[in-house]
Amino acid sequence: MSEEIIKDVIVGEQEDYIINMGPQHPSTHGVLRLEVCLKGETVKYLIPHVGYIHRGIEKMCEANTYQQIIHLTDRMDYLSAHMNNEAVCMVVENAMQVKVPERVKYIRTILNELNRLASHQLWWCAFGMDLGALTSFFYGLRDREMILDIFEESFGSRLLHSFNTPGGLMHDVHPNFQNRIKEFIKYFRKKLPEYDQLLTGNVIFQNRAIGIGLMSKETAIGYGVTGPSGRGSGFSCDVRKIAPYGAYDKVQFNEILATEGDVFARYKVRMAEMWESMNILEQLVDNIPEGDFTAKMKPIIKLPAGEYFQRVETARGELAVYVVSDGNKSPYRMKFRTPNFSNLFVMNEISAGCKIADLIAISGSLDLVIPDIDR
Amino acid sequence: MLNKEELTDIIRSFEPEVEFPEGKQLLEVIVPAEKLFTLAEKLKSDSKTAFNYLITMTAVDFLTQMTVVYHLESTEFRHLIVLKSVLSDRENPAIDSLTALYPTAEYFEREVFDLFGIRFNNHPNMKRLFLEDDYGYPLRKDFRDEINIIER
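Quick note, the sequences are listed as chains A and B, same order. Heads up, the first sequence is in our numbering, so the first residue is 1 and it goes up one at a time. Heads up, the second sequence is in our numbering, so the first residue is 1001 and it goes up one at a time.
Think of the hints as simulated: they come from the structure by calculation, not from any bench. For glycine and all other residues, C-beta sits at the position ideal for the given N, C-alpha and C. Treat each hint with caution, since some may be false.
[Unchecked claim] Reference excerpt, derived from the structure (chain A facing chain B, CB under 7 angstroms, subset only):
#, residue
1, Gly306
2, Arg337
3, Phe345
[Unchecked claim] Below, simulated BS3-like cross-link-like pairs (lysine-lysine); rule was C-alpha separation at most 27 angstroms, straight line:
#, chain 1, residue 1, chain 2, residue 2
4, B, Lys1044, A, Lys241
5, B, Lys1044, A, Lys217
6, B, Lys1004, A, Lys241
7, A, Lys99, B, Lys1048
8, B, Lys1048, A, Lys241
9, B, Lys1024, A, Lys59
10, B, Lys1024, A, Lys44
11, A, Lys59, B, Lys1042
12, B, Lys1084, A, Lys302
13, A, Lys39, B, Lys1127
14, A, Lys217, B, Lys1042
15, B, Lys1048, A, Lys329
16, A, Lys268, A, Lys190
17, B, Lys1024, A, Lys99
[Said to hold, decoys possible] If you want the footprint, here are the derived chain B segments under chain A, 3+ residues with CB under 8 angstroms:
#, stretch
18, 1003-1010
19, 1020-1026
20, 1130-1138
Start from the sequences, fold in the hints, and give me the full structure.
Laid out in structure tokens, this is it:
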């Protein structure tokens, strides 16, 4: 080897080189390609390439009825399937001015929070595994199984339930529903401190999380980063508080905010949200009013001509649905503002200058679900 | 938080050429395409309106014209408006980019370019986001899907 090459290798003054992370990299949690430009081990910039699983859901909506669209929305953010369903149901109900029974609102809110818990558990175990802690994966999945069993008992499916329908629910919940939730909360209140013991206080984990991937509040607002990722930077963006829907105006809960804006802050927000979700569940589970599980709806739903907008809080941030109707049974145009779309594209901003190993921590802390970006 | 009437007055003082169609839920503002950027700049920087959060941005094809739709919110006051611009040229639709004001607009605009073929002036990277370069613009209403993906 000549001296020049040795010098280049040691000092790292060769030209920048490009590494493609993905589309099948395990830490991207889906089919996403990050084109990373490196100088030595330091990231200079990165370009996300999306579209590998673009299914054209917005175009499919234009050929389907509102009842059929519900089933498409499951497939966007499959870990927040229930919230996605509810967004479409609520936009239809508000447009038609249907009064939804109280029982439906309570059950929907309970399911929202169960779904958020299941999603955060999966995030926690996958995040731990991204950073090399394999045990967390087993802990998280073990507890998530209990929630999925509750879902399976009531809806017959575990992940994509499509349990909501415009006006209410497909059918009433299982008689065991309330008992099993109470059992689960009792169990999980003991298990959640274990999560902290296992990962939160771990020195190796903290060294890889604190001070990494700094995102200021202005960056979060400018890039539209919502959900726990935005709240980790102090951006107050919880739709449950801003524009309460369902039974959220009847429960007491806090919006979790952190101001540090690093990977660890986003981690702390999600952990605290799990406690909040359990608080909300406890306030609701014993107070489900009696009544119908659906409002009376016509078999063919036609929205009055006009434009409608509805936002909900999914496990990853703000989902907004924008519908333009011309009075037919299918929407003229349907747009989903999905949280992950905005959350992904902040990555270049917050990871420039960090090491390539930290990129895994940053993408894990944003909790990306790729089908939600591609739609 | 300002109500609809107060917002209407303030926006009219910023830009007299705007129209306020009867919206069903939110305050809708239609602004001429060439005035969009200056109005958005004022809406963002003025301390009374402070629309600093672009929730979403999209377009709608009405066959005779295209409409670009922006949903803006103020994180301080929590009021929300719908800003619209009508593009009558469907062959070569173009409008100013808002990327300089809202960084998130960069990718929303690339998505709209990809699916509708609307070009954004002064955009840093006007490339398609999801689809290949020779694919048509699928969300246009006159798009024919020849290999029959969508319709049964």
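* To do: Against the earlier hints, flag every one the structure doesn't satisfy and list their numbers going up.
  => Result: hints 7, 10, 11, 15 and 18 break, sorted rising.
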